[in-house]
Amino acid sequence: MCGIIGVIDRSRKRMDGTGIRAALSRMDERGSGEGAGYAAYGAFPDFKEYYALHVFFDNLHEIKPIVEEELSKWGEIEHQEPIPTYEQPNIKKVHSPWRFFFRPDLHLMPRSTTPGDDIVTHLVMKINTTIPGALVYASGKNVAVFKASGWPEEVAAFYRIQDYEGYLWLGHNRYPTNTPGWWGGAHPFNLLHWSVVHNGEITSYGTNRRYIESYGYQCSMYTDTEVVAYLFDLLIRRHGLSLEMAVKALAPPFWDEIDQMPEREQEIMRAIRLTYGPALMNGPFAIVVANQDSMVGFTDRIKLRPLVSGELGDRLYISSEEAAIRTMEPEVGEIVMPRAGEPIIGRAR
Amino acid sequence: MSIGSVPLRYRISVDHDQCMICGRCVESCPYGVFRKEGEQIHVNSRVCVACHRCISMCPRDAISLVERPVDYRSHPIWTPQVKEAIYNQARTGKIILSGMGNAQDYPVIFDRLVLDACQVTNPSIDPLREPMELRTYIGKKPAHLDFKMVNGDTVLETKLSPNLLLETPIMIGHMSYGAISLNAQQSLARAVTECGTFMGTGEGGLHHSLYPYQDHMIVQVASGRFGVDINYLERGAAIEIKIGQGAKPGLGGHLPGEKICADVSCTRMIPEGSDAISPAPHHDIYSIEDLKQLVRSLKEATEWKKPVFVKIAAVHNSAAIAAGIARSSADAVVIDGFRGGTGAAPRVFRDHVGIPIEAAVASVDAKLRSQGIRNEVSLIASGGIRESADVAKVIALGADAVYIGTAALVAMGCRVCGTCYKGLCPWGIATQRPDLVARLDPDFASVNVANLIHAWTLELSELMGAAGINSIESLRGNRDRLRGYLLDESIMKVLDVKTVGA
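Which chain is which? The protein sequence lines are A and B, in order. Counting along the first sequence from 1, when you hit position 158 you're at 150 in the numbering used here, and nothing is skipped either side. Here the numbering used here runs 63 ahead of the position in the second sequence, where the first position is 1.
SDA-like mimics (lysine to any residue), calculated; alpha carbons at most 25 Å apart, straight line: (1) K561(B) with M213(A); (2) K295(A) with E525(B); (3) K211(B) with I337(A).
Because the hints were derived from the structure by calculation, they are not lab data.
Next comes chain A alone, as it looks inside the complex (with noise of 0.2 Å):
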């Protein structure tokens, strides 16, 4: 089942983690206790140039000297540290989690108009997929992504994230099901700047996950979320669409609809379809993903899962309930369902 939330200030004014902490465990009746996460984008505004890389830890002796030396051939490490944890009783610190704030040397990568990110979702995929021992959970710069298994309160107790400030925040309770409540396999997921939240079963996940590892990705975490954000990278990043493009490749309006739609917005949409059609997201399924700049909520096409957002001055909530966005902002407006299939943006200036 699982509960998802997400806040954005359009403004980018900061929010400390204490409200999305609140909203969160709200919802525990969609969870079950076994992982619980955040991400927060402006995290670290001291730090705000380089690739924050958040790394899981099976033991730091072993294994963070061969991550080092791993990103040391493509890059600098400007600063590193354990990231602070403070022992709760529910929680078994099975992992170490550690952060990089690592600057990639462009120069390596000549070919690519984005080479600081081809080199980092470069090390992500090798370091995820041939250390054993270490995983990489987030690689974006200035965000800051705090995941474990427990409850979202003891998760949020875990990292203290009261300590964090953030423009944009997401949430998400879990109630795992198909795959193992692991921390790794806990939400957010996070690659680059696309930070992913998500309820529900993606039911075309092999078809996604075949053709997003035709361009490199590689999917290391055993659950369907992460190609969510593999495929929005993809999309946006190296195809050049929009977002409002990119979630209609992932949840595109049915062929009968198409057929009424004008002639050119017809043509657009089969184009999306033929040439997106690996990316199509079936199963039930509520999203929020956002980036940097904006934020996404979007839900499978015929909409079997809830999802509902609210406004208040620059701020946009979009959440699984409304309980939720009213437990952070009560005095939050109209609370607004979002169609099958169609996006609720919000943008910060």
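Once you've looked at the hints, dock chain B against the given chain A.
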């Protein structure tokens, strides 16, 4: 006389208490099993091929058939088939001809794969209540799209190649006029038009009576080039270059002169009564670059308005061959598995050459993905698709659509007796004898074929809905929704599926 006669394959007997001596069996059987003498029906079982025409026509259920009433001593190696092939060749010194598909007892991979359904964590979708999309486009797809903004409007800059629009991923494969009767082709043509899908002409030209259905016909260019002219190419909805066929990879075709009646001769553009022999290779294709030239020539001739398919037999190296074809400007690759049927093939080829479609599709799909071009070209699977579950499974293994052949013929009455090459098909399908052809009424047969496609389409929708999928593209290559049941490790690796329970 050193060999003597072999035991009967079938024994026909007539229950004389039931028989009312109406003589329908005598009329039905073109092989001459029955004769009426005095007030009794007599039989000659030796010429029976088990086509069941007599049984289906007998108003009193008076006819029974027993297979191998007198058999050889049992032996696991020296089976009746093996021995009789030897007797046959000892007598004739010739290649043994056979019909229909592979009759060897190889395991059927489809029957060792099971499909998935949703329980609890995601809801199954009811196709009666929710939309279910089986629409399939066959043809080249762009790798990505370019847009530009014009006065605030988004405009698509990428030009799409022509694609065929299928309302269901089930097409009918290439069976030529000559191999099958005109009534059979007409029945198939009406059915595909009715169902919003397509059929192949085979290498037999396009008879003028089929022109009304030409928008649903894929015209074939094979090594004999029979029936090919610009009129033919322009009439087809798409063009298919046939390199090989699953029933006889590496061979051409041979339509005996007896089957070349006046009408067939006009449609094929060859003299009446002459044998129509298609060479094994195309004599202008000796390598992949030659194929590319032919693909492009056909496109040029038809002003780049039609998709061009290339069909190959599923052979050991089909993955690499298909990848080469995909880069030749071809819009679709057709892979024909070793269970594909045929009117006539040397038995040794039919039963021993080529590989099953399941493995071929899986490896071609994987190869195209590894080269990052899978979605740019369509993949059509054929040869051994017997039911809707096979369609679902082969799409999950990576195909875009299927061709059916034998199944469509069975829908018109064919009993898979495997004697097509004799040209005496009692069902009016694989024959040109006017009295036999007249037995097949396109008004009825077309409904039967359309019913079959419709029924499979409904079943496919239900299977997809149960798997929580409402669009066919999410089933395509979705091997996670398949499990192998008692398949060995190595074949599961090729299919990229897990075992049941995993």
